[in-house]
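Each protein sequence line maps, in turn, to chains U and W. Residues in the first sequence are numbered consecutively from 1, following our numbering. Residues in the second sequence are numbered consecutively from 867, following our numbering.
I should point out that these hints are in silico values taken from the structure, not numbers from a laboratory. Using N, Cα and C, we set each Cβ at its ideal position, and we do this for glycine too. One or more hints might be untrue.
Stated by the list, open to error - With a cut-off of at most 20 Å between alpha-carbon atoms, the simulated EDC-like pairs for lysine to aspartate or glutamate come out as follows:
1. U:Lys105 to U:Glu161
2. U:Lys72 to W:Glu1035
3. U:Lys700 to W:Asp877
To be verified - For the chain U half of the interface with chain W, some residues (derived, Cβ under 10 Å), not all of them:
4. Leu91
5. Thr327
6. Pro373
7. Ser374
8. Ala391
9. Glu689
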Amino acid sequence: MSVNAAPLTGANWVVLKFGGTSVSTRPRWDKIAAIAKGKRAQGKHVLIVVSALSGTTDKLKAICDGHADAGKCRAVADEIVARHRAMFAELELTDAGGIDAWLAKLDQLLADPRRAQGALTWQAEVLALGEMMSSTLGAQYLSASGLTTNWLDSRQHLLSEALPNQSAWGRYLSAQVPTARDEALIARLPSLGETFITQGFMARNAAGETVILGRGGSDTSASYFGALLDAEIVEIWTDVAGMFSANPRSVPNARLLSRLDYEEAQEIATTGAKVLHPRCINPVREAGVPLTIKDTNYPEFAGTEICAAVADALPSVKAISQRTGITLISMESIGMWQQVGFLADVFEIFKRHGLSIDLVGTAETNVTVSLDPSENLVNTDVLSALCTDLAGICRVKVIAPCAAITLVGRGMRSMLHKFSTVLAEFGSLRVHLISQSSNNLNLTFVVDESAATDLVPQLHDLLIKAEAMRVEDAAVFGPSWVDLYKKPQLQSAPWWRARREDLLALAAKATPHYVYDLASVRAQAQALRGTIQAVDRWFYAIKANSHPAILREIAAQGFGLECVSPGEIAHVRGIFGAAVDILYTPNFCSRTDYAAGIAAGARITVDNLHPLEHWGDLFAGRDIELRLDLDFTRGHHDKVKTGGAGSKFGLALGEVDEFLHLAERHNARIVGLHAHLGSGILDAKHWKEVFAHHASIAEKIGTVASLNVGGGYGVPARADEAPLDLEAVAAGLAEVKAAYPQFELWSEPGRFLVADAGVLLARVNQLKRKGEFRYLGVDAGMHTLIRPALYEAYHEIVNLSRIDEPATELVQVVGPICESGDVLGNHRRLARTQEGDVILIAQAGAYGAVMSSDYNLRGRAAETVL
Amino acid sequence: MTATIDKKFADPRDTQAFRFTACDFDAASGTASLAYAFDDGPLLTERVVFPDAPALPAERADAFAQALRLLHLVAGVSYYKAGIPPELRVETGALATDTAGFLHELYFHGLAEFAYQNKLDLTERLRFSTLVRHSREGGNDEKKAPALNLPRRTLLPIGGGKDSLVSVEMCKSIDEPATAVWIGDSALIAACAERSGLPLLNIKRQIAPALFEYNRQGAWNGHVPVTAINSAILVCAAILYGYDAIAFSNERSASSATLEYLGRQINHQWSKSLDFERLLRAQVHAHVAADLDYFSLLRPWSELAVAREFAKHPQYDAVFSSCNRNFRILGEHPSDRWCGQCPKCHFVFLALAPFVAKPRLLRIFGRNLLDDAALAPGFDALLEYRDHKPFECVGEGGESRAAMYALTQRAEWREDALVARFLNEILPQLDRAALALEPLLAPTGEHFLPTRFTSLPNAPL
């Protein structure tokens, strides 16, 4: 980069790059025209870099791969011709001379004697045609649209340079171009025009032959031109707004990364983000040219800006990614202790086989390295050949398939103390390798691929909660993917806003005070029944909230009731008499507890061998349900996970046969299978998987008529959590139900029906300031609502007395109980509060009053149903 | 769900007779109805729906009626087994001697595993011979069905596993016009069929809902010879749509017994065996059509040879599954398609390992089954080491041992837990000379491949 030369005035370049889908229809070309005209209006010189029409490069590649088969090549070429003629027609262009010349070139290349051998020079020329054609059509169309656009042959300006040890294939089909500010070009181009279009993906070599830049090539071309022209900015226009803090496909709440420095961006691109090829960052970094990613469909979105350094950013994890298909090679030295040159010997063998190593871990007698998945590795015998050679100098073991989970952020080593909850998630997994990159930009864990499913969304969530990912820092983090792309959902204001006056009046009578809104209960019950129609029979787990009015409302919506104790059964029978269907699911209960359930005419669930072994006569001649532990767990907190060996619930799958024998011996018929594997589940696939697992077991039992997939339907607690997609749950269950029509499908939600329907009202007792912390003490505490202390549950908290005042104070909301854990909410922003204000704790309808206690002899909260 | 049935369900194990009551075909909807009953209990009516069924040409009407009757008799096995009552009653006409013999073999061998698992003896109960018509010619059943000039094309049943996909590729390699056909609703099979690039035919089969009710009353449960039922359905389909060949994809090993019990051979895959193939061919040729060929395209080959062939077609990697517990769901993760716990998963993994690059194999399964020490008992059963071959459609013990031995010779596999265990514990007890892979890959043995398939590369002479 030239240090002394001042930038030329009068030629401020902007490089715009558009991918295949952006150049494949006329409306998309109109968008390109609009974007380019906008830049012109700002007085910029514009260089547009384009990819080939969607699918064209794949077809050209098919010609290269099938070069020996002339007929096949011709057939594919005909498709390419037809596609480009159709595009020409769609753009209503008049002069076919330009496109015809390139199509003629395609014919020529098919007749070329180099075709039979598939010569690399020939392949490069074939592959280059796609961009040649798209840029030719584009130049004509943009000019016709009133933006005079000059066509530029990118090969005139990008000169590749062979790397040491680069294969012939690499020199022609994965070439690299060294770039530096090109004064001659900067001086000459403005004299030719203001707007230019050129091709991505290609360059020329020293011999003047066409070469291809390889994967991500068009982005790289834009980057090269940005460096040559010392552009103000390079804009990559694509189908997504930019880089995100995680892959939005698996983490819809992933946040747009508004601003990144080059190194972080490169790290994120290398470790998973697909939106940008990592190799396109280096040229702009060296030239100091900023690069932004923008969404062609939504030019108004800010996108991701990649530049030299982000001032004043908080140290933060920027992104978490997962790469699958990783192969680890573990090599145990068989030679002498501290054998000299062992590493060199090992690496030489990898080099010989053309395999490039990603992560490395070393020990005195072992070195373990990782290989990224590549076509070469999967479709050839290279791994076998590598291992054969390695076996000559060490014991070699292949550990695969693995997933690499990577946290990216500048200054990773200074954030370690925030990772305790994140690290805890790895506790149950086999971690094969941990690597902390020497540039201090990433921390990577390599685990079994099969164990990594759904891990990233969890970790992303934990990173935010642990304040290791500082999403509140607006300098770095933009809106979430959901906020950007999901159709705005009509998030109706919670019911309690409209009932504020009533609630304040109730609080005046008594606090703490639980208040329930029956209309909300009804709405949730109807939403479940109306959406998930595959479910044949619904039960409400009354332990969530057994208030008589709520039970009556839910029973009126056609739900049976699920009870877990003789007390609950007596409560239900006391309200309804015999007029309601009871499912009885006790856990580690006594013989008399079972006897009580049987006497009450409930459907009996057994989840252990013990009752049949020792009290078999109780079940003789009866129908029973069997609760299984399907050995995988879901849930929002350890204490609400109810599956897996560490959970006391359910019969282990390995004991099913024994259970069947015992049931047969006592003439008890197993008419249903049941599993409830956790609470607060927001993954729509969960229930379908439970049903399918159940069905495969039930088919072998024969007498089973119904499969109970449990409940656990999650209710989002935080504003940024996406609600459970009931439509997706319904679709999944309908699919498995169709595969197993012989089984009835049962489900037993609890919290889902009542959580949002209840609020807890409390009155402010005292305020305290201590160091950095402000405490707001209310008359409700862990004795009233234990979920925050027990499950670390999050409940929205507002100052109901001052609901319209701005929330300005950061406080700890605490109760009056003599326990340090008596905290209802950490770091909450509330309106400036005074003694006597009424505080509302939302989502308290489930596991609130029912779990309250007399601890400290402070008495129970009042309960009122609206 | 059974409100419309007013007859009472009894425990089928307490009934006296199993009745084949009626079968018919509704041409308008392409629906075959197959009805059965225990005593005077509710009818069990199975329906098979042939989509877009063409009008049946008059010259094939008799053949179709015969095929439908054969299907009725064969498909009864699913219902009969619920009660295995002492008496069999065929109320749709007397049986020919050869058909009675065929049914006896089918019910006896096809239910052998069921009988073994439930500790039942079927010998005394299966008396199809008493239902034979007393013909005036003195029991001469040397009947031969006429040729129907069926169009020269092949029905190729797809199962979602590797075998039928190898058959697909074989047909394509010799330009044999074939239609990929499958029975039932399986998203996984549909995806495989789609990827085959062949024309598709999806036949629907609805098990009699009353069977589920009988099951709840305490019916016998267990394995039924489902390939026999599917075969009989396809015989009907061949006559209806016009195909002169039905090519199943059963390998040589399908003919070998799983175990011996009370002096009898029990083969989990009996209806995939050469014996069954021969018997059904005879029935088809005697009663349905002289020019309808029922055979297995893969019969001359071992499982390993088929695995080697499959390795050449990576386009199926992300869709196929041989797992019997894959929950009939086409999922995005390998674990949705391969449970990793059942003998089929174990065997297919082992059989492919010598022929597929290790990273590709691990990508297919999503995990390395041979590096999981907890799976040792499962693989021991495949090797027939201290156990009998599992009751699943898996290869012969010799094939598994040869594949495992081949892996001990490979540096990238040798250190995996179960390969190392084989090397250290099992191999010393084996004769290495019997472990060569190559001899197992050559075509051999009896088969019924029509002449037009002998042009296949590597076909038996």
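The hints, checked one at a time:
For the proposed pair Lys105 (chain U) and Glu161 (chain U), the alpha carbon gap of about 26 Å is over 20 Å, so the pair is violated. Between Lys72 (chain U) and Glu1035 (chain W) the CA atoms are separated by roughly 19 Å; this keeps the pair inside 20 Å, and the hint holds. For the given pair, Lys700 (chain U) sits about 17 Å from Asp877 (chain W) by alpha-carbon distance, which is consistent with the 20 Å threshold. Nearest Cβ of chain W to the Cβ of Leu91 (chain U): about 34 Å, over the 10 Å cut. The hint is violated.
At a threshold of 10 Å, the smallest CB-CB gap from Thr327 (chain U) to chain W is about 6 Å, leaving the interface hint in force. Hint status for Pro373 (chain U): holds, given a least beta-carbon distance of 7 Å to chain W, under 10 Å. The interface hint given for Ser374 (chain U) is met, as the beta carbon of that residue sits about 9 Å from the closest beta carbon of chain W, less than 10 Å. The interface hint given for Ala391 (chain U) is met, as the beta carbon of that residue sits about 4 Å from the closest beta carbon of chain W, less than 10 Å.
A distance limit of 10 Å between C-beta atoms decides the matter here; for Glu689 (chain U) the minimum to chain W is near 8 Å, and the interface restraint holds.
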